[in-house]
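Number of protein chains: 2
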Amino acid sequence: MVKIAVDAMGGDYAPSEMVAGAVEAVNSAPGVHIFLVGKEEVVNSQLSRHTYDKGRIEVVNAKEVIATEEPPVNAIRKKKDSSIVVGMNLVKKGQADAFVSAGSSGAILVGGQVIVGRIKGVERPPLAPLIPTEKGVSLLIDCGANVDARPSHLVQFARMGSIYMEHVMKVKNPRVAIVNIGAEEEKGNALVKETFPLLKECKDIHFIGSIEAREIPHGGADVIVCEAFVGNVILKLYEGVGSTLISMVKRGMMTSLQSKIGALLVKPALKETLKSFDASQYGGAPLLGLNGLVVKTHGNSKANEVKNSIIQCIAFKEQGINEKIKESLMNQEK
Amino acid sequence: MVKIAVDAMGGDYAPSEMVAGAVEAVNSAPGVHIFLVGKEEVVNSQLSRHTYDKGRIEVVNAKEVIATEEPPVNAIRKKKDSSIVVGMNLVKKGQADAFVSAGSSGAILVGGQVIVGRIKGVERPPLAPLIPTEKGVSLLIDCGANVDARPSHLVQFARMGSIYMEHVMKVKNPRVAIVNIGAEEEKGNALVKETFPLLKECKDIHFIGSIEAREIPHGGADVIVCEAFVGNVILKLYEGVGSTLISMVKRGMMTSLQSKIGALLVKPALKETLKSFDASQYGGAPLLGLNGLVVKTHGNSKANEVKNSIIQCIAFKEQGINEKIKESLMNQEK
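In the order they appear, the protein sequences are chains A and B. Residues in the first sequence are numbered from 26 upward in steps of one, following the working numbering. Residues in the second sequence are numbered from 26 upward in steps of one, following the working numbering.
Please note that the accuracy of each hint is not assured.
Heads up, the list lumps identical chains together, so a pair's fine if it works in one copy or across two of them.
[Unchecked claim] Straight line, CA to CA, 20 Å or less: simulated SDA-like cross-link-like pairs of lysine to any residue:
#, residue 1, residue 2
1, Lys218, Arg175
2, Lys296, Met194
3, Lys197, Ile233
4, Lys28, Glu343
5, Lys218, Val98
6, Lys212, Gln138
7, Lys118, His323
8, Lys79, Gln120
9, Lys225, Asn214
10, Lys79, Lys103
11, Lys300, Thr280
12, Lys160, Arg276
13, Lys197, Val84
14, Lys261, Glu240
15, Lys300, Gly324
16, Lys103, Ser53
17, Lys292, Phe221
18, Lys212, Asn99
19, Lys275, Leu299
I should point out that these hints are in silico values taken from the structure, not numbers from a laboratory.
Using the sequences and the hints given, assemble the complete structure.
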């Protein structure tokens, strides 16, 4: 039985969608036990609307909530009875294998490091969302946890990301690339130039060299390594360009009677195609390299994404990802 | 009369589209005189296909061509008779006001600094392409010329970009923002944190704070300031996500008979809408802060983009952008 703590209070649609997602996960995956962390009376009232195996969802009371705009370090330090701190403590104590939250990114990143703690040898735990591509999905690592990273951090990101893609996403021998401004080895800023030869030396990853941002949506690599500032820009621009273009396509279709009729006819097929470019179906972003697992789902997650994030945690636990990361770090030291 | 040198030999569709673009510019803009730089016999043979005022296009012979894959510093140093070096020398000597090329980006950036030279006081000349947004167009500055920039460089980028948008693109009081990973002032990497307060102090620009990458396609600012590595990632990801989504939309429309019929009906309206998201209609990317003007157009430029780049140079010259940049730098020193 994989035990997963879920933050019932964080996210734009909390608590209803968080609770609904937990119920959906329990109803679809037999091997999972869930701790719903949040204000007891609120969570219970939400739960009463659903039908599920009552033995597999447990409510854990947490009277406080960390708001997204709160300074994260302070919030984690002071709000000891918040859903994020209580949920992460369940992981720390080994009572839960993972913690899923759609709440404050900052608080989740800080809490992951301070409460759950890093695996010995991991220098910085990266946030690694899956991003959609023409060919499926790629792991973008790092994406917000550590700005101003050093080359050794990026090498660890490459290793951890490769393990994740191979064993959770089942991509055989995943192609690892570093984000760069040209395909040639001599291109790049100081960080990339220093990191490139180190990645080339790694025998436990399939390093294919530099990737230009243009090739990312075309599925040019499975693990996209970069420092967090660049990763954050990539993730958010992906969303921004995607949503802008889709809204422009919709608007374009509404400009004449002829195009409106056409729009009705293409809608079903188009919806299906664009669904494959929707990140939410792949679950949340794991914070890798921790003693346990913390997954950040989108702030605007609905039940389906919450369910997918929970199911992602099951694969993570069952595949022994953290044990594999520890092993890889030991090989690195040799 | 504004005099513009055009590289007839650089670009995927050179010489035919470069020559055609020059002819279109002369035929549509009365105040322009063009030097077509390249292999004389090749250029003349292309020109013979067109009708135009022969007094306004002059062929300047250059026997060599710099290929895109050549190391730029070496190429600029050794190929003295290449179209890029000859064209830039025309600007240096004051015989031309501007130089337009679709050739090797690296050689254009190096040549701009080494041959044309910087305006006194400009620390680094940024490459500043226009990118399409929902609301029109924004200037992305810097985008490939200088990696590992310092805060003082970014402040100059903001000033020069603001002048360009106000006087060439006619955006009144352009909103200047710095690319960041959150909207709050305390967010960011070391470079952004150091630059932010310096931008706040600038009295000659309308600084609106940080911009997250998500807001760029929505038109969140007119001048988007960032260092070149991040700018390059933004520019190329824009292209990548855009082309991926458009090809997915097209593929989605071809999946059933119903959607194929719908596609025929929406096509004209959609084409019109997506045209506004096509960067090529706005011309090329100026390399700002030089003693003259160098404009890099896309490698895959066709005649229309070449023409637009030439017309952009006319506005640059007529509006006295370089004089305004010099003035701004003098005010800065006070």
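Need the list of violated hint numbers for this structure, in ascending order. Those not satisfied are hints 2, 7, 10, 13, 16, 17.
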